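**Student:** My request is simple: use the sequences and hints to build the entire structure.
Sequential numbering from 0 applies to the sequence shown in numbering that gives the first Met the number 0.
If you are wondering where the hints come from, they were derived from the structure by calculation, not from laboratory data. All values reported here derive from a predicted model rather than from experimental measurement. Virtual Cβ for every residue (Gly too), placed ideally from N, Cα, C. A few of these clues could be false.
For lysine to any residue, the following SDA-like pairs were computed, each having C-alpha atoms within a straight-line distance of at most 25 Å [what the hints assert, rightly or not]:
1) K26 / K129
2) K206 / T152
3) K206 / L276
4) K26 / L15
Have a look at the derived ranges for each label pair, beta carbon to beta carbon [said to hold, decoys possible]:
5) D227 / Q18: 39 to 49 Å
6) G278 / D227: 44 to 54 Å
7) H127 / P57: 30 to 40 Å
8) A133 / D332: 46 to 56 Å
9) G85 / D356: 37 to 47 Å
10) P57 / E329: 21 to 31 Å
11) N154 / R290: 24 to 34 Å
12) A133 / G278: 38 to 48 Å
13) A166 / Q18: 22 to 32 Å
14) K150 / P68: 24 to 34 Å
15) Q18 / K183: 36 to 46 Å
16) L15 / R299: 42 to 52 Å
17) A166 / R23: 22 to 32 Å
18) G278 / E329: 34 to 44 Å
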Amino acid sequence: MEAMRALQQHLEVRPLELQRMKERGVKLVGYTPGGYMPEELVYAAGAVPLGLIRGGSPEPIAESAAYMPRFFDTFCRAQIAYRMSGEDPLYQMIDLLVVPVTENNIKALADSWDFYANVETFRFGVPHDKEEDAFQYYLEGLHLLKDKLEKVTGNKIEDGKLREAMALSNRMWESLEKISLLRKSPRPPLSGEEFVRLNHASFYADKARLIECLQAVYDELRETEGSDTPRARVLLTGSTLAMGDYKILDLVRRAGAAVVTEEFAEGMRHYWERTELEGDPMEALADRYFRRRVPPAWFRPSRERIDFVMRLAKDFDVDGIIWYQLMYRESYDMQAFYFQRILEKEMGLKTLKVVSDYDASEMGPLSTRVETFVETIRTP
0 MEAMRALQQH
10 LEVRPLELQR
20 MKERGVKLVG
30 YTPGGYMPEE
40 LVYAAGAVPL
50 GLIRGGSPEP
60 IAESAAYMPR
70 FFDTFCRAQI
80 AYRMSGEDPL
90 YQMIDLLVVP
100 VTENNIKALA
110 DSWDFYANVE
120 TFRFGVPHDK
130 EEDAFQYYLE
140 GLHLLKDKLE
150 KVTGNKIEDG
160 KLREAMALSN
170 RMWESLEKIS
180 LLRKSPRPPL
190 SGEEFVRLNH
200 ASFYADKARL
210 IECLQAVYDE
220 LRETEGSDTP
230 RARVLLTGST
240 LAMGDYKILD
250 LVRRAGAAVV
260 TEEFAEGMRH
270 YWERTELEGD
280 PMEALADRYF
290 RRRVPPAWFR
300 PSRERIDFVM
310 RLAKDFDVDG
320 IIWYQLMYRE
330 SYDMQAFYFQ
340 RILEKEMGLK
350 TLKVVSDYDA
360 SEMGPLSTRV
370 ETFVETIRTP
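**Tutor:** In structure tokens form, the structure reads like this:
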């Protein structure tokens, strides 16, 4: 598709664009991609947000042993390695790292950057329920973040600029949602990997350019269908789907199935909610990013996430679910245990759970398991 090629060309030169912006004094703010850091605050402060979203390769995991214990989540270990190895230029550019602390793995990520990376790290807490006091706690964290960004950039975050950034984000989420909904077709016009790559691009592309490309992608696809009807329609969910970690998507495609929708707490941008532009903008951001956000597995209680996945499974007419999680993410291990039983009991859907440590030796066993699973759920 011409629009996707144009976006890829933009992404290839994006590191150079960002370096030039940095040389002009623009601050680059990195953040962990768990869905609780409102980029709008960064844009309103005159800075540029960058999601730390790379993963999937075994080499950074081996290198991370010098900085973090083995028994932390795979994605979190990879982040300090990308910084310390100097391999990814985006990881070298950031002036401030913002970490919404959700659980112990993310806290360990922040600690490792504090100690080794020579980058200032700003933390704020994310509660594990949605009671009113929890909402106020998260809102106070956003106010602290706002103060920090103003101090780092030297710019005042004004309500007008914040609402402009909120409106831009709403347009981006709307575009991603429209493209995703095209996959309800019996012959989806784009693959699961193509959509995931579009989603990942949103973590570091220029937002105005991204929205332009997403609209062009939608215009190209809305009147078309894929060339083949997949043998099975799969919903992919789990803990983290990083940029570069596309093996599970490729294995599903090779088995003749199609990933038609996804739900990940980390590494995939949530696009189903919009931010209200009326009223207090800080409260509107807290409402969108916390109160109405689909909660991750570590939330208590976490039935809300399961119900949301069940709605997706029904809306996208899926035949089965693949639960893809990374090693040592204990909260997802716990939720997966009863998730599989609930889905089979209430919807009659089978679930395949697979675990990755970004190890090259995983490919053989994963391929066999995915192929077998697709055979058991495929449409007659």
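**Student:** So which of those numbered hints doesn't the model satisfy?
**Tutor:** Numbers 1, 8, 9 and 12, in rising order.
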